[in-house]
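Trainee: In our numbering, the protein residues as written are 369 to 596.
The set of hints was computed from the structure by calculation and includes no laboratory data. Hints should not be assumed to be uniformly reliable.
[Claimed, not checked] Below, computed lysine-lysine pairings styled on DSS-like, alpha-carbon distance capped at 27 angstroms:
#1 Lys565 with Lys396
#2 Lys396 with Lys439
#3 Lys565 with Lys394
#4 Lys449 with Lys394
#5 Lys409 with Lys394
#6 Lys396 with Lys415
#7 Lys436 with Lys449
[Stated by the list, open to error] Now the in silico label distances, taken between C-beta atoms and shown as ranges:
#8 Glu575 with Asn437: 30 to 40 angstroms
#9 Lys436 with Val478: 11 to 21 angstroms
#10 Pro512 with Thr473: 22 to 32 angstroms
#11 Gln388 with Thr473: 35 to 45 angstroms
#12 Thr486 with Leu418: 43 to 53 angstroms
Please read all numbers here as calculations on a predicted model, not as lab measurements. All C-beta atoms, glycine included, are put in the ideal place defined by N, C-alpha and C.
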Amino acid sequence: MKRFYIYLLAFLLPVCCLAQETVIIKRKLTNAVKERVSVLKSDNVTKQGLYQALWDSKTVLANGSYTKNVKTGIWNFYDTKNNVIQRFNYTTNTLLYEAPEDSATNCRYVVDHTVRDTDRTTKPIVIGGRFFGYINYLRLFRLPPDMRNINNEVVVPTIELLVSPGGRLAEYIVHFQAENYDRKVGFNIDYLSDEDKTFIPATINGEPIACRIFIRCFLTSGGDLDLF
369 MKRFYIYLLA FLLPVCCLAQ ETVIIKRKLT NAVKERVSVL KSDNVTKQGL
419 YQALWDSKTV LANGSYTKNV KTGIWNFYDT KNNVIQRFNY TTNTLLYEAP
469 EDSATNCRYV VDHTVRDTDR TTKPIVIGGR FFGYINYLRL FRLPPDMRNI
519 NNEVVVPTIE LLVSPGGRLA EYIVHFQAEN YDRKVGFNID YLSDEDKTFI
569 PATINGEPIA CRIFIRCFLT SGGDLDLF
């Protein structure tokens with residue numbers, strides 16, 4: 369019997385050593401969105417365990433889990449009414465569900481191609497859904513110094529993303545429009561992660577095609593872009 373306990377202790381000891389303690393870190397992504405991410409207590413950097421992004425501190429926009437800084441398993445992404453709009457399996461790199469967009473969406477899609485009524489088309493898809501998936505493009509934005517006095521209640525900003533047939537982000541522009549005012553500003557996509565530059569491309573009749581995504585947003589009083 370003593371030998372059994374010794375063997376059992378020898379088996380459990382490595383398992384206990386592998387279980388590393390984690391803590392929850394809270395961070396601000398935009399004025400309206402905050403994240404709660406589990407990280408290793410030993411370094412406060414390595415993401416390990418559950419992740420959640422919250423809009424208005426109460427409505428979930430994204431939830432899933434990390435394993436050593438890598439998204440793993442099934443993640444769910446939501447709209448601001450708590451409806452699931454996308455489900456993605458990061459372990460198998462598979463889109464499991466993408467909700468159809470309604471007519472009130474803040475996104476529109478334009479292809480440089482004549483589309484006939486008989487054509488079967490699909491839009492480009494950002495992993496993360498139409499709300500959470502675009503947050504890092506908002507975070508990349510910086511208001512040009514000569515536009516700091518712009519009237520944010522009048523000017524309407526629109527993000528333009530060009531997605532190649534290969535599903536790669538090729539261009540990021542922000543248009544600012546108002547009566548008698550029209551300006552566009554380009555941003556360096558090299559500052560984005562490879563994940564943020566990867567899309568499921570648009571298709572026509574099953575063939576991938578380049579497509580531009582236009583995302584209507586607004587300019588905050590602090591000079592940031594936001595969707596909410």
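Trainee: Could you run down the list of hints and mark each one as holding or not?
Mentor: Consistency of the hints with the structure:
| no. | hint | in the structure |
| --- | --- | --- |
| 1 | Lys565 with Lys396 | holds (22 angstroms) |
| 2 | Lys396 with Lys439 | holds (19 angstroms) |
| 3 | Lys565 with Lys394 | holds (25 angstroms) |
| 4 | Lys449 with Lys394 | holds (22 angstroms) |
| 5 | Lys409 with Lys394 | holds (14 angstroms) |
| 6 | Lys396 with Lys415 | holds (16 angstroms) |
| 7 | Lys436 with Lys449 | violated (31 angstroms) |
| 8 | Glu575 with Asn437: 30 to 40 angstroms | holds (35 angstroms) |
| 9 | Lys436 with Val478: 11 to 21 angstroms | violated (39 angstroms) |
| 10 | Pro512 with Thr473: 22 to 32 angstroms | holds (28 angstroms) |
| 11 | Gln388 with Thr473: 35 to 45 angstroms | holds (42 angstroms) |
| 12 | Thr486 with Leu418: 43 to 53 angstroms | holds (46 angstroms) |
Hint check: violations occur at hints 7 and 9; the rest are consistent with the structure.
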